[in-house]
Amino acid sequence: MSYTGEAFLGLMPELISTAFLIAVLMVGVFAERSAGLVASLAALGALVTFVGTAVLLFIGFEGEFFGGGYVVDGFALYFKLIVSGSAFFAVLAAARWSSGTGDAAEYLMLILSVVLGAMLLVSMRDLFGIFLALELATIPSYAMVAFDRRRRESAEGGMKYLITGVIASSILLYGMVLIYGVAGSAQLPDIARAFSGSLTPVALIGLVLLISGFAFKVSAAPFHFWTPDAYQGAPTSAAAFLSVAPKAAIFGVLLRILLEGMPGAAPVWTVVMAFLSIVTMFVGNLFALRQRNVRRMLAYSSVAHSGYILAAFAALQGDAVPTGVQAVMIYSAAYAVMNMGAFLVIDLAGEEVKGYNGLFRTRPGLAISMGVFMAALVGLPPLSGFFGKAWVLLAGAQSGSGLVYVVVGAVVVNSVLSVPYYFGIIRNMFFEEPSGGETAGEGGFAVEFSVYTLAAATVIFALIVGPLAALAQASGLL
Amino acid sequence: MITTVTIFIPLLGAILMLFMPEDERLVRRTAMVVAAAPLLLALYIYFAHGSDLGAAQLTQELDWIPSLDIGYRVGLDGLGFGMFFLTALLTLIAVVASWDIRENTRQYFVMLFLAELGMLGVFAAQDLILFYVFFEITLIPMYLMVGIWGDENRKPAAIKFFIYTFLGSTTMLAGFLALGVLAETFSIESLNAGGGLGRTAQIAIAAPILFGLLVKVPAVPLHSWLLDVYVSSPTSTNVVLSGILPKLGTYGLIKIALPLLPQGVEPFLPIVAALGVVNIVYGAFVAFLQPDLKALVAYSSIGTLGFILLGAASADPVGMNGAVLQQVTHGLYSALLFVLVGVIASRTGTRSISELGGLAARMPWAGGLLALGALAAMGLPGLAVFVSEFMSIMGGYTTFPLAGALASLGIIFSAMYLLYMLARVIFGPIEKPAYEEITDAGPLEMVAVVPLAVLLVLLGIVPGILIGIQQPAVEALVSVLGGG
Numbered sequence: 000m001s002y003t004g005e006a007f008l009g010l011m012p013e014l015i016s017t018a019f020l021i022a023v024l025m026v027g028v029f030a031e032r033s034a035g036l037v038a039s040l041a042a043l044g045a046l047v048t049f050v051g052t053a054v055l056l057f058i059g060f061e062g063e064f065f066g067g068g069y070v071v072d073g074f075a076l077y078f079k080l081i082v083s084g085s086a087f088f089a090v091l092a093a094a095r096w097s098s099g100t101g102d103a104a105e106y107l108m109l110i111l112s113v114v115l116g117a118m119l120l121v122s123m124r125d126l127f128g129i130f131l132a133l134e135l136a137t138i139p140s141y142a143m144v145a146f147d148r149r150r151r152e153s154a155e156g157g158m159k160y161l162i163t164g165v166i167a168s169s170i171l172l173y174g175m176v177l178i179y180g181v182a183g184s185a186q187l188p189d190i191a192r193a194f195s196g197s198l199t200p201v202a203l204i205g206l207v208l209l210i211s212g213f214a215f216k217v218s219a220a221p222f223h224f225w226t227p228d229a230y231q232g233a234p235t236s237a238a239a240f241l242s243v244a245p246k247a248a249i250f251g252v253l254l255r256i257l258l259e260g261m262p263g264a265a266p267v268w269t270v271v272m273a274f275l276s277i278v279t280m281f282v283g284n285l286f287a288l289r290q291r292n293v294r295r296m297l298a299y300s301s302v303a304h305s306g307y308i309l310a311a312f313a314a315l316q317g318d319a320v321p322t323g324v325q326a327v328m329i330y331s332a333a334y335a336v337m338n339m340g341a342f343l344v345i346d347l348a349g350e351e352v353k354g355y356n357g358l359f360r361t362r363p364g365l366a367i368s369m370g371v372f373m374a375a376l377v378g379l380p381p382l383s384g385f386f387g388k389a390w391v392l393l394a395g396a397q398s399g400s401g402l403v404y405v406v407v408g409a410v411v412v413n414s415v416l417s418v419p420y421y422f423g424i425i426r427n428m429f430f431e432e433p434s435g436g437e438t439a440g441e442g443g444f445a446v447e448f449s450v451y452t453l454a455a456a457t458v459i460f461a462l463i464v465g466p467l468a469a470l471a472q473a474s475g476l477l
Numbered sequence: 000m001i002t003t004v005t006i007f008i009p010l011l012g013a014i015l016m017l018f019m020p021e022d023e024r025l026v027r028r029t030a031m032v033v034a035a036a037p038l039l040l041a042l043y044i045y046f047a048h049g050s051d052l053g054a055a056q057l058t059q060e061l062d063w064i065p066s067l068d069i070g071y072r073v074g075l076d077g078l079g080f081g082m083f084f085l086t087a088l089l090t091l092i093a094v095v096a097s098w099d100i101r102e103n104t105r106q107y108f109v110m111l112f113l114a115e116l117g118m119l120g121v122f123a124a125q126d127l128i129l130f131y132v133f134f135e136i137t138l139i140p141m142y143l144m145v146g147i148w149g150d151e152n153r154k155p156a157a158i159k160f161f162i163y164t165f166l167g168s169t170t171m172l173a174g175f176l177a178l179g180v181l182a183e184t185f186s187i188e189s190l191n192a193g194g195g196l197g198r199t200a201q202i203a204i205a206a207p208i209l210f211g212l213l214v215k216v217p218a219v220p221l222h223s224w225l226l227d228v229y230v231s232s233p234t235s236t237n238v239v240l241s242g243i244l245p246k247l248g249t250y251g252l253i254k255i256a257l258p259l260l261p262q263g264v265e266p267f268l269p270i271v272a273a274l275g276v277v278n279i280v281y282g283a284f285v286a287f288l289q290p291d292l293k294a295l296v297a298y299s300s301i302g303t304l305g306f307i308l309l310g311a312a313s314a315d316p317v318g319m320n321g322a323v324l325q326q327v328t329h330g331l332y333s334a335l336l337f338v339l340v341g342v343i344a345s346r347t348g349t350r351s352i353s354e355l356g357g358l359a360a361r362m363p364w365a366g367g368l369l370a371l372g373a374l375a376a377m378g379l380p381g382l383a384v385f386v387s388e389f390m391s392i393m394g395g396y397t398t399f400p401l402a403g404a405l406a407s408l409g410i411i412f413s414a415m416y417l418l419y420m421l422a423r424v425i426f427g428p429i430e431k432p433a434y435e436e437i438t439d440a441g442p443l444e445m446v447a448v449v450p451l452a453v454l455l456v457l458l459g460i461v462p463g464i465l466i467g468i469q470q471p472a473v474e475a476l477v478s479v480l481g482g483g
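Respectively, the protein sequence lines represent chains A and B. Residue numbering for the first sequence follows numbering that gives the first Met the number 0, beginning at 0 and increasing consecutively. Residue numbering for the second sequence follows numbering that gives the first Met the number 0, beginning at 0 and increasing consecutively.
Hints are computed from structural coordinates only; laboratory data are not their basis. Ideal placement from N, C-alpha and C gives every residue a C-beta, glycine not left out. Misleading hints may appear alongside valid ones.
Each pair of labels, with its calculated beta carbon distance range [claimed, not checked]:
1. A:Glu-152 x B:Asn-152: 36 to 42 Å
2. B:Val-4 x A:Arg-32: 54 to 60 Å
3. B:Asn-191 x A:Leu-288: 38 to 44 Å
4. A:Ala-53 x B:Ile-270: 30 to 36 Å
5. B:Leu-11 x A:Leu-131: 39 to 45 Å
6. B:Val-4 x A:Arg-192: 19 to 25 Å
7. A:Val-405 x B:Leu-11: 42 to 48 Å
8. B:Glu-474 x A:Ala-455: 45 to 51 Å
9. A:Gly-408 x B:Ile-429: 29 to 35 Å
10. A:Ile-459 x B:Pro-20: 24 to 30 Å
11. A:Gly-4 x B:Ala-192: 19 to 25 Å
12. A:Ala-473 x B:Ala-192: 44 to 50 Å
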């Protein structure tokens, strides 16, 4: 173990984002009237972090630091790529809105600290390190949700998010402590030794509490109550970013905990995941069907998509483990592009479903982009969401477990169940007459650029899914 | 390479349409040129390579997702070529017949070409995932075509169409993925004859795939989405909707379910044959009760699709040849009838059979061609549908004698309602004074229907020109099934 150049190289993405985080805050303090400069700096920070991560991935960097508690492998870098990439679009989307609040630097700094937390999270190999990184990623996100002082829902959403988040964190911590008590160590490899063979009751409780805590964080039902209020109240860029980036990282670290830390207990946690997944899918979709507000609809839709990803966790058994890991990785990337895009459209076209009437006549480019996002969220090929779902079904088919086949059936049924609400928007945009009242939001060029870029990414995902799958396969996690 | 070029010309056409100026005449002419290109290429393929389509020819293979052995694999064989050609032809005819699309013509053609991309792709795909991708690409354009340009009932019809077929195709996808992941490849060629899977696994995989395909056809208990969407669509959408889309289901049966899972589908074949007969008989009966001319044609179309199911389920060389041919002949006659119904409705302002009458006096050409189409639909010897239906029944009779016998009864039923319709609409006294003034089909409308009529007659007299092409591929298929 040496803290030489190698360690600095491996931690480059984290160091870059830390540097930019401080720079953004400093510039914000000393150059008060320079919102544009602050935003460009933050966007540059996200972009440089992204490029740095990509370089590490490209040269195939692998390494363990801090006594094996921190690992940089293909798996971690892949999720860091998703996090920093979505942060770039979040900053672009937030640029104009945040300069209007007068606190641009603070808001953008919060985005970068979530990035830092999420990037640390996927590299941690120690339960308490994981907890710290998770808090580093979530505490700024409470502030992001409550940041919009002009809207009362923002404070309300932030408050709900904060309270449930704190409860979730304590449950998670309790679970971790119990696991630590059983294993005598917080390091995942040590836990793996303790969690082989049959589980003691304490270990079982620890495991269930741990999964429940994470279920809160990824808004899996029945722990999803904060999601619609938080996403409705949050500034659009916050909802867009929080629904994809920290969530991807949390799914990533959960994979690492389960597969590196307790592979022996797989028969237990796959069953828990199977039920969690089925409930989450149905709750998300059934509630989304009733929404008239696009933010709330997308919030419930994100619950449903957590359910699809959890289905891949349920399939992590037998021959299906590598495919299941790939499913989570590919789904996270696919979801990041399509869901961010869908959220950002709200800034351009408003949050009422009716406001989308006739959008195809008035703003065809925006309508087509939104159509692409909706079709992708349904899972239509050749758009990104299709590949996520296809991998989940693949893993399910490979797992050879009866319960997982039921989960696969639920994925199929839920895909169909989700059609009416996603296509309700398409119907309004394409089939209805424009309602007259211009509800255009406070978008601006940067938001439009993000939406079109993400729409293009959703479409050409079909071309990059091959390399992405190869990357996922060689990721180093099993 | 030529296959890929043919498939993706419509995509270029769709992009071109997006950037066209809002000049109605220019847009239509350009669309016709774009639509003609794949047809010319398909004709070239017919004459240059038509004799050699036993296995997939003109193939191209590119890596797509190598870790799962999913590839961009296309090629043409005798099973798919007929429909590949028909897709190109009917798209051109749909462009010509789009006279009732008066608003947003450019966008309409964008949708039509995107749908054509998917349809051409399905009939050329040699990879399961690619097949599914093309299969689904057709959905959104068709949904929007019905939903934007259809009649007043279009919105519920469009979403119903979408949900039903999406349910079917997602179920089918689960089956495809299970098949591919267990056999460790998604190449249709390598998966031939089961890809090494045991009988139980094949049956478990065949069930969802067959369900998805039968919804798409639609086989009768799964057909409730069809009528609304057929009746609500504009004429030119109907051409594609009835001429090509159901064949995505039947072609999937012939190209994928049967050869890739021979042991898996075997227990289901009697059910498929029975569903075929149900389609034939039910379609004919319900068509008889329809007051609306378009609904009558729609049910007639459901009915004759049954012959494809029967012929394919027979696993007999004659029946299988009939099924493959029936896909094409069904497309020809149903497109012809839908266009003519559109022509008549645009003149008289109604599609109600009881309000029409004596049109032959004023519209000799349209009326005559409608009679030709109806006679073809009822399987009159000398017209193309007779050949394919007769072969399907023969094959069906060999394997399932009762089903074959009942199917031939279906021909009699269909003759009854079609002759009744002809007598009511075309012949007899002129129903309303207003009909004295109507004019016959114009030159553009004739351009849309005459090629279909000519092909119906031509294939009726010399069916060998198409059967000869599909024969080697059908024989290979039947030998996999162990029949014949």
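- Mind checking the hinted window 45 to 51 Å against the Cβ distance between B:Glu-474 and A:Ala-455? Cβ of B:Glu-474 to Cβ of A:Ala-455: about 46 Å, so the range 45 to 51 Å holds.
- For the pair A:Ala-53 and B:Ile-270, does the Cβ-Cβ distance stay inside 30 to 36 Å? violated, 53 Å
- Is it true that the C-beta distance of B:Leu-11 to A:Leu-131 lies inside 39 to 45 Å, as the hint says? At 54 Å between Cβs, range violated.
- A:Gly-4 versus B:Ala-192 beta-carbon gap, inside 19 to 25 Å or not: violated, 57 Å
- Item | Outcome for the supplied range 19 to 25 Å, where the beta carbon pair is B:Val-4 and A:Arg-192 | At roughly 59 Å between Cβ atoms, A:Arg-192 and B:Val-4 fall outside 19 to 25 Å, so the hint is violated.
- Falls inside 54 to 60 Å, the C-beta gap from B:Val-4 to A:Arg-32? holds, 57 Å
- Message: I want to verify a distance hint. Is the separation of the beta carbons of A:Glu-152 and B:Asn-152 within 36 to 42 Å?
- Response: Since the Cβ atoms of A:Glu-152 and B:Asn-152 sit about 39 Å apart, the hinted range of 36 to 42 Å holds.
- With 42 to 48 Å as the target window, see if A:Val-405 and B:Leu-11 comply at their CB atoms. holds, 44 Å
- Message: Looking only at beta-carbon atoms, does the pair A:Ile-459, B:Pro-20 fall within the given range of 24 to 30 Å?
- Response: holds, 28 Å
- Query: Taking the beta carbons of A:Ala-473 and B:Ala-192, is their distance inside 44 to 50 Å?
  - Reply: Distance hint for A:Ala-473, B:Ala-192 is violated at roughly 33 Å.
- Query: Range hint 38 to 44 Å: satisfied by the CB atoms of B:Asn-191 and A:Leu-288?
  - Reply: Check passed, 43 Å falls within 38 to 44 Å.
- Verdict for A:Gly-408, B:Ile-429 (Cβ pair) under range 29 to 35 Å: violated, 58 Å
Checked against the numbered hints given earlier, this structure breaks hints 4, 5, 6, 9, 11, 12; the rest are met.
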